[in-house]
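Generate coordinates for the entire structure from the input sequences, incorporating the hints supplied.
4 protein chains.
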Amino acid sequence: MRTSEKYVKGLRKMRRNIRIGGETVDRDDERMIGAIRTLSATFDYAAMPENEELMTATSHLSGEKINRFCHIHQSTDDLHKKQDMTRFLCQQLGGCVQRCMGIDALNAVSVVSYEADKMNNNQTEYYQNYLKFAERFQKEDLVGCCAQTDVKGDRSKRPHQQADPDLYLRIVERKSDGVVVRGAKAHNSEAAQADEILVTPTRFLTPEEGDWAVAFALPGDWEGITQIVRPAAARSRKYLKIPFEGGMADSFTIFDNVLVPWDRVFLCGEHLLGGPLALLFALFHRHSYTGCKPALTELILGMVALMAEYQGIAQASHIRDKLAEIIMVIELTYAAGYTGSDKGSTKMMTPMGLQEVGPGTHIPDPIYCNVGRCIAGENAYHEMMILADVAGGLPATLPYEEDFFDETTRPYLEKYIMRNPEISAENQHRLFRAFSDMLCSSYGGAAAVGMLHGGGSPIMEKIAITGQYDIEARKKLVKKLAGIKD
Amino acid sequence: MRTSEKYVKGLRKMRRNIRIGGETVDRDDERMIGAIRTLSATFDYAAMPENEELMTATSHLSGEKINRFCHIHQSTDDLHKKQDMTRFLCQQLGGCVQRCMGIDALNAVSVVSYEADKMNNNQTEYYQNYLKFAERFQKEDLVGCCAQTDVKGDRSKRPHQQADPDLYLRIVERKSDGVVVRGAKAHNSEAAQADEILVTPTRFLTPEEGDWAVAFALPGDWEGITQIVRPAAARSRKYLKIPFEGGMADSFTIFDNVLVPWDRVFLCGEHLLGGPLALLFALFHRHSYTGCKPALTELILGMVALMAEYQGIAQASHIRDKLAEIIMVIELTYAAGYTGSDKGSTKMMTPMGLQEVGPGTHIPDPIYCNVGRCIAGENAYHEMMILADVAGGLPATLPYEEDFFDETTRPYLEKYIMRNPEISAENQHRLFRAFSDMLCSSYGGAAAVGMLHGGGSPIMEKIAITGQYDIEARKKLVKKLAGIKD
Amino acid sequence: MRTSEKYVKGLRKMRRNIRIGGETVDRDDERMIGAIRTLSATFDYAAMPENEELMTATSHLSGEKINRFCHIHQSTDDLHKKQDMTRFLCQQLGGCVQRCMGIDALNAVSVVSYEADKMNNNQTEYYQNYLKFAERFQKEDLVGCCAQTDVKGDRSKRPHQQADPDLYLRIVERKSDGVVVRGAKAHNSEAAQADEILVTPTRFLTPEEGDWAVAFALPGDWEGITQIVRPAAARSRKYLKIPFEGGMADSFTIFDNVLVPWDRVFLCGEHLLGGPLALLFALFHRHSYTGCKPALTELILGMVALMAEYQGIAQASHIRDKLAEIIMVIELTYAAGYTGSDKGSTKMMTPMGLQEVGPGTHIPDPIYCNVGRCIAGENAYHEMMILADVAGGLPATLPYEEDFFDETTRPYLEKYIMRNPEISAENQHRLFRAFSDMLCSSYGGAAAVGMLHGGGSPIMEKIAITGQYDIEARKKLVKKLAGIKD
Amino acid sequence: MRTSEKYVKGLRKMRRNIRIGGETVDRDDERMIGAIRTLSATFDYAAMPENEELMTATSHLSGEKINRFCHIHQSTDDLHKKQDMTRFLCQQLGGCVQRCMGIDALNAVSVVSYEADKMNNNQTEYYQNYLKFAERFQKEDLVGCCAQTDVKGDRSKRPHQQADPDLYLRIVERKSDGVVVRGAKAHNSEAAQADEILVTPTRFLTPEEGDWAVAFALPGDWEGITQIVRPAAARSRKYLKIPFEGGMADSFTIFDNVLVPWDRVFLCGEHLLGGPLALLFALFHRHSYTGCKPALTELILGMVALMAEYQGIAQASHIRDKLAEIIMVIELTYAAGYTGSDKGSTKMMTPMGLQEVGPGTHIPDPIYCNVGRCIAGENAYHEMMILADVAGGLPATLPYEEDFFDETTRPYLEKYIMRNPEISAENQHRLFRAFSDMLCSSYGGAAAVGMLHGGGSPIMEKIAITGQYDIEARKKLVKKLAGIKD
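Residue numbers (numbering that gives the first Met the number 0), protein chains in the order written: chain A, 0 to 485; chain B, 0 to 485; chain C, 0 to 485; chain D, 0 to 485.
Hints were generated in silico from the structure; no laboratory data involved. Please note that a few of the clues may not be correct.
You can't tell identical chains apart in this list, so a pair holds if it fits in one copy or across any two.
[Claimed, not checked] Derived DSS-like pairs: lysine-lysine, alpha-carbon spacing no greater than 30 Å straight-line:
(1) K342 - K64
(2) K131 - K240
(3) K342 - K240
(4) K64 - K8
(5) K5 - K342
(6) K478 - K237
(7) K5 - K479
(8) K484 - K414
(9) K479 - K237
(10) K151 - K478
(11) K240 - K484
(12) K8 - K240
(13) K64 - K131
(14) K478 - K414
In structure tokens form, the structure reads like this:
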């Protein structure tokens with residue numbers, strides 16, 4: 000397995016195709032250091048002996064021990080561990096761990112590339128391409144990301160109906176040495192910190208839309224790719240440093256007539272499989288979300304409980320209600336993902352019913368993953384409100400850090416920030432600053448948007464839920480009980 | 000295993016201590032026939048070969064095959080099956096299956112009677128009493144119920160502070176042949192249909208409250224017991240009979256200086272164990288609820304979906320939203336119970352931390368059972384609103400059944416009730432009548448109250464959740480991340 | 000003004016066209032006595048000198064003092080008083096006052112009949128017909144009702160697209176002496192207690208739908224009209240009589256080739272005015288609702304507060320929260336109606352903008368009436384939940400009244416129902432019985448459906464709100480502030 | 000009336016007692032320019048002839064025309080105009096207008112200083128002091144602010160129980176030339192842009208707490224006052240300038256043994272009037288909130304509607320639902336304030352019932368103002384969620400402005416941001432940037448906190464509502480209807 004040092008060294012060697020604020024920048028530009036630190040942690044924690052069982056796995060391809068973020072799930076236990084690893088790391092880092100997109104895409108493509116070959120009577124070699132890619136990915140312990148979300152143009156129109164057909168990434172030419180693609184992917188999280196970008200379609204496709212049914216993997220600095228990056232990180236502190244300063248960075252990734260060599264292509268024209276691939280990535284990713292969201296919400300729980308203690312209102316009954324509400328979201332989300340793992344299988348719902356699919360990759364149950372992700376997303380802003388509620392207005396009006404350390408104003412602020420006299424002024428200050436970062440910063444705002452939309456907005460889960468749940472069986476139950484005979 | 004015929008025959012032989020509407024009545028009084036039918040079904044379904052795995056178990060006491068409603072859970076698998084059996088039967092019967100209180104009390108008492116002996120250095124024989132009782136219970140395939148809820152008097156006062164100490168059932172005398180108790184238990188569901196009443200405390204008790212720490216089992220017709228019963232059943236139909244007419248019946252059970260023989264006593268004065276027994280019954284019962292409530296909500300789902308189809312609005316997006324909302328409640332509740340089974344063990348949270356308790360009875364995880372029960376309860380009336388929403392006003396203003404079958408008015412009603420022309424008028428009528436039963440009947444109203452309060456109101460679950468969740472661990476996480484050092 | 004005695008005497012003289020439960024019944028059948036009592040109260044209270052200002056008005060047609068329920072609003076003050084009169088009476092009677100449909104229809108028709116004549120260049124005499132009708136209505140102090148809701152068949156189809164064109168009431172023949180109509184109106188509240196039925200369309204109509212654009216008034220016992228009635232009333236008590244036993248009764252009113260004499264016709268074929276009439280009745284009625292719903296919710300408030308006092312939890316903070324929530328619904332609903340009155344005018348929103356309409360009838364502001372009605376309806380089932388929450392399970396399991404008065408069981412029930420020792424057992428019993436009537440009776444269930452759907456379901460108000468609000472003006476504000484230039 | 004130029008010139012002359020980020024700064028420091036622009040607008044708009052009726056008033060003290068922000072309300076009409084002026088200005092500026100605290104404090108003090116003198120049998124001259132102050136305030140067209148919120152220390156303890164008695168601002172010495180006070184006020188909005196700071200107590204006080212019952216006014220740069228300011232403003236744009244760049248600035252205001260001359264003291268030791276003054280300021284300010292919050296929510300409405308149009312989903316039914324939800328909050332809040340004005344009077348609820356108070360100042364109805372403020376606050380974060388929902392993830396991942404104007408990346412971003420092809424890329428960009436400012440900036444975060452807590456958090460309104468509503472009258476109604484006789 001790689002070390003984080005080698006990972007960062009690798010980033011530095013890549014082509015300079017990253018843009019921030021109108022300039023070309025290095026991959027280790029200081030605005031992205033937080034995101035690099037976060038990804039580095041996925042190497043560091045996996046290397047600790049106490050995390051071996053949770054964070055490493057034995058590759059079913061090579062038989063070698065690998066970082067679990069490179070693993071193709073082979074069992075219920077693998078799914079449980081992926082959920083738990085995600086939760087554990089997010090707890091430690093206090094935020095999104097960012098390496099889940101890679102593992103989720105890797106697993107989704109394993110199934111669909113295999114099915115595509117089968118559908119094509121083995122006239123294609125997508126799965127062989129995939130295997131070659133996956134073996135290297137595991138061996139080199141790569142960081143992947145997933146470029147799924149097309150920019151989508153007019154939301155009331157399908158891909159082929161757009162004024163500009165490139166508004167969904169598409170094949171523009173098939174050549175002997177590869178396929179040429181054009182388009183852009185939004186919200187391409189951590190692409191600027193990734194070795195490889197896995198590209199998948201974003202929705203179901205119609206027969207006219209074969210050119211939009213394309214999946215492949217390319218290094219993040221490949222010819223023709225430009226990443227326009229929006230970094231996000233907590234305001235760096237001058238005095239009150241925090242132990243771990245993480246961050247995120249989302250790329251708006253442009254594919255400007257990019258040539259993808261054939262051996263990196265996993266789907267190319269099979270419109271019937273565009274939707275299933277989109278759905279499968281979403282499913283694996285929503286499963287990840289049932290690990291990360293509980294962790295993020297646990298932090299909110301801890302913040303609310305600690306603030307209540309500092310304010311002297313820990314025993315108030317409205318605090319207990321709020322804590323209970325938050326715990327419910329945490330553990331219902333987790334339980335849904337857990338049950339989704341346990342009810343997982345190598346089958347998938349298709350228009351022909353539940354069918355065996357893929358080369359043995361273990362797929363979590365879609366209903367449970369979706370209900371889990373949905374309740375988490377629906378509560379994101381409500382949790383912000385609870386934070387604001389318990390803290391009062393100070394997160395918004397908290398004087399700057401420097402005022403707390405200036406000799407004139409420090410005595411005033413330390414005197415007047417005091418609540419519980421047992422707690423030092425610095426600790427009270429630190430807690431309010433953490434609230435301010437969450438509630439009143441660009442980073443906190445982006446995190447809330449991520450809690451709502453990351454991995455699919457609640458409305459997407461609701462569509463998935465109602466589309467896949469056996470509602471007819473429940474109508475039959477009602478008919479039987481009501482004496483309705485058709 | 001008993002047949003339902005023998006069960007009913009047994010009821011008929013019992014002493015006539017049942018009161019309804021100011022009169023002494025038989026146990027098979029027609030107002031309670033629905034409840035008897037429901038309980039009979041627990042025998043009939045268990046006898047069907049196709050249900051053997053789900054509905055029977057092998058007793059760890061006798062090694063015999065027994066009805067699972069008499070089983071002491073020995074494993075995670077037993078807990079899964081209890082949840083699934085409950086869901087399955089409630090689906091089939093279209094309502095509460097009513098035999099869960101017995102199994103839940105049986106399991107709770109198994110643990111606490113054992114712990115009481117241990118605490119008393121085996122100077123007591125509660126667990127031997129229990130074993131003797133449980134063996135007979137299994138062998139004779141008895142129906143049990145649980146008398147837990149004391150009438151409680153002034154809610155702001157503890158048991159020993161009440162103006163009348165009997166407002167919580169208590170020991171009034173200890174005699175050589177047994178213990179004399181006095182008090183009343185409210186909401187004693189199906190007691191009039193039960194062979195045995197298991198009595199447990201309802202809350203944590205203080206050292207002054209040893210006399211309120213009492214648990215025992217008695218036949219439902221025992222000397223000194225009077226049951227004042229409030230039956231509830233759907234309005235019986237004259238023309239549009241439904242296949243299964245179930246019902247419920249709750250006893251207000253009076254214990255008027257009742258002598259409990261010593262060999263039927265499971266706890267007697269150990270105030271420290273009153274709370275744990277109350278909590279354990281609640282826990283097993285909330286676990287049951289994660290089976291029954293999904294089933295009840297599945298019926299609501301089917302009703303909404305069928306009504307939307309009949310009204311011609313199945314494709315409306317607000318219908319999809321409502322279906323998704325309902326499915327979320329169903330499957331989050333189920334997933335919570337499922338995870339509660341899987342994370343179950345023979346341990347229990349005590350003031351001294353998580354400890355091994357009882358004789359091997361498998362106890363589900365309390366956090367998951369509580370969050371599952373809580374989300375179900377909180378949505379009860381919202382589901383009623385969704386039903387009312389999709390149906391419009393007709394459930395409230397639907398003419399009487401007789402008007403649909405009278406020669407003058409039938410043509411009018413059959414003409415004007417028509418929505419989807421593919422569906423017969425009778426079926427449309429049947430569906431609206433089912434809605435009317437749910438929304439506008441005393442039975443439906445009682446069912447909604449049951450969905451809110453049965454097995455413990457949401458506020459009780461919230462107390463359990465915040466009391467048992469490791470909030471301190473989350474505060475520590477926050478401190479670590481925020482750089483707060485104590 | 001009429002006395003209630005004369006009103007009831009008048010009902011008894013009407014043709015026996017009322018059907019209940021497969022039989023033809025008298026208008027004063029005991030199942031409808033509660034509804035008659037309620038309507039009688041509108042006469043009795045108006046006759047009391049202390050209510051003169053609130054409940055009577057001076058007719059702008061005759062100059063005579065009339066019952067305000069017969070008045071055509073001439074000013075903001077009239078609108079305020081109509082709202083306040085409705086609230087006052089509902090408080091006194093503990094439920095729906097039932098005479099508002101008549102006044103609301105009377106006002107709506109005043110405007111649209113006038114506009115129809117204008118649109119027809121005075122080739123029609125709808126407004127003259129109306130004036131003649133209204134003068135008699137006021138002079139004879141009649142009770143009116145409004146038959147608006149067509150049965151509507153397939154909800155995804157328009158009136159002229161239905162398999163059976165009668166699923167919306169329509170003109171089937173125009174004759175020299177009148178117009179022949181056929182169809183049925185559902186939810187025709189108090190039609191069996193009304194002297195006159197005012198009939199209006201239920202939705203906007205297309206040019207093909209002139210035959211569905213018809214409005215008229217007929218006596219409730221007119222040739223060809225059959226009313227199939229679903230009465231609803233609280234269970235009558237045997238021992239614990241309550242001071243006022245009201246009730247409701249909804250007719251499913253059949254118009255079987257009914258000849259409407261020309262001088263009773265107010266609209267006949269003008270499809271452009273079908274929608275405005277439907278909307279105007281709804282608007283006046285939603286304005287009424289901002290009077291009645293606050294009153295009904297005040298009763299819920301009182302019940303919750305009293306129960307909390309009886310249970311000994313009046314000081315609990317969750318009780319305060321619930322009371323505050325309920326008060327918010329009460330007073331936001333009232334404030335919306337109040338503002339709707341104050342911002343009312345003789346103008347109406349039309350496709351050509353806000354226009355002066357009608358003969359001077361004062362019309363409340365549609366946005367405020369709709370937001371007020373909507374928040375009330377959306378909270379209906381939540382209020383039921385609060386009632387259930389504060390009362391616990393007893394409303395569902397309360398023994399029958401007879402058990403409380405039987406010599407054997409009375410001592411038990413009086414002993415064990417005690418909460419606050421300062422309150423008599425009877426009063427505690429009475430309060431729980433009131434809760435049981437609200438939560439667990441067919442009457443309470445129908446009332447909840449009425450709170451949701453009566454006067455238009457929340458979805459109807461939302462359509463009205465978004466259709467009439469000046470959203471474009473707010474988009475312009477945003478464009479200005481964001482520097483967006485079209 | 001003053002011009003904005005003179006107002007700003009005045010600020011520049013003040014003593015430099017403003018601290019930001021560890022430094023002493025000028026009052027026109029660029030970080031506070033936005034706030035100054037906002038306040039300047041209150042002068043500029045009042046000077047426009049078309050706003051004369053709305054934004055100016057005739058002083059009842061001098062008979063002169065004054066800026067309405069300096070007026071003491073003399074009538075219902077004044078209250079209506081204050082609400083409407085606030086709404087109008089907030090619409091124009093796209094945010095908080097910031098001059099309401101001054102007018103609200105001015106009105107509150109008018110009543111309480113008068114009552115204090117009365118209570119003291121005119122041995123004090125608070126009201127004379129007040130009149131002198133108010134006359135100058137109006138004549139010089141001053142900007143006032145209100146320092147109300149004490150830092151409050153341990154929330155479970157009263158002022159006199161705090162470890163440090165200064166945690167609530169208090170009198171430390173009474174001298175011949177004035178009273179010396181010490182303490183700090185948090186969330187002291189616009190104090191750094193104000194001419195005068197009006198100081199009031201923050202809560203009800205007990206007899207031991209006379210020293211905390213103090214009210215006065217001082218210039219913002221008075222000896223002993225230090226303001227530690229936290230400014231907030233939208234990120235300034237480099238290319239896409241917006242027409243009006245406003246801002247806010249909150250002072251943490253320190254009173255370090257400040258001598259208040261007697262003629263500036265309005266309350267000094269009368270503990271009984273501390274609470275009423277706190278409540279009255281809150282009441283006037285919540286009334287203001289029913290003007291500003293509708294305006295802010297109108298902007299959210301416009302943003303949602305415009306985004307839906309740009310995305311091509313304006314017709315989706317979930318958009319209509321969201322718009323309706325938002326409109327309901329806008330207009331229910333407005334209607335509550337409107338009704339609060341109309342039901343206003345010169346009376347106030349006291350422990351002795353509703354009593355005539357003050358010198359004629361018109362006080363809005365407290366119930367309506369509180370329910371209006373409360374519904375607005377409770378929906379603040381829900382509105383943020385709706386914004387995030389309709390926009391998708393782009394507000395969080397939007398590339399920096401410079402990338403949109405860089406020659407390499409501009410073509411990419413302009414191509415791929417396109418949704419509706421009729422709308423220019425720049426306009427789409429502008430709209431997303433506005434969303435980003437609202438959802439993902441420190442300014443937007445502070446605004447959301449302000450929408451929740453500004454003018455009092457929902458929990459404060461609920462306490463006010465339940466404390467002042469006549470719940471007993473509703474209990475009596477229930478008793479009457481239920482036949483309960485005490």
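Next on the checklist: I want to check one pair: K478 and K414. Are their C-alpha atoms no more than 30 Å apart within a copy, between two copies, both, or neither?
Outcome noted: between (70 Å within a copy, 22 Å between copies)
Checklist entry - Quick one: K131 to K240, C-alpha cut-off 30 Å, is that within a copy, between copies, both, or neither? => result Neither: 44 Å inside a chain and 51 Å across chains, both beyond 30 Å.
Checklist entry - Within a copy, between copies, both or neither: where do K8 and K240 come within 30 Å Cα-Cα? => result within (26 Å within a copy, 40 Å between copies)
Next on the checklist: At most 30 Å between alpha carbons: which applies to K342 and K240, within, between, both or neither?
Outcome noted: Intra 44 Å, inter 39 Å, cutoff 30 Å: neither.
Checklist entry - When no copy is specified for K484 and K414, does a C-alpha distance of 30 Å or less occur within a copy, between copies, both, or neither? => result Between copies only: 19 Å across, 76 Å inside.
Checklist entry - How would you label the pair K64, K8 (within, between, both, or neither) given a Cα cut-off of 30 Å? => result Result: close within a single copy only, 23 Å intra versus 66 Å inter.
Checklist entry - Can you tell me if K342 and K64 fall within 30 Å by alpha carbon in one copy, between copies, both or neither? => result both (26 Å within a copy, 28 Å between copies)
Checklist entry - Is the C-alpha distance from K478 to K237 at most 30 Å within one copy, between copies, in both cases, or in neither? => result between (67 Å within a copy, 19 Å between copies)
Next on the checklist: Within a copy, between copies, both or neither: which one fits K240 and K484 at a CA-CA cutoff of 30 Å?
Outcome noted: Result: close only across copies, 12 Å inter versus 70 Å intra.
Item to check | 30 Å Cα threshold - placement of K479 relative to K5 | outcome: Classified as between: cross-chain Cα gap 28 Å, same-chain 64 Å, threshold 30 Å.
Checklist entry - Are the CA atoms of K5 and K342 at most 30 Å apart within a copy, between copies, both, or neither? => result Answer is neither: 38 Å inside a copy and 39 Å across each miss the 30 Å cutoff.
Next on the checklist: Please sort K151 with K478 into within, between, both or neither, judging by C-alpha distance up to 30 Å.
Outcome noted: For K151 and K478, the Cα distance is within 30 Å only across copies (23 Å; inside one copy 42 Å).
Violation of the numbered hints given earlier is confined to hints 2, 3, 5; the remaining hints are satisfied by the structure.
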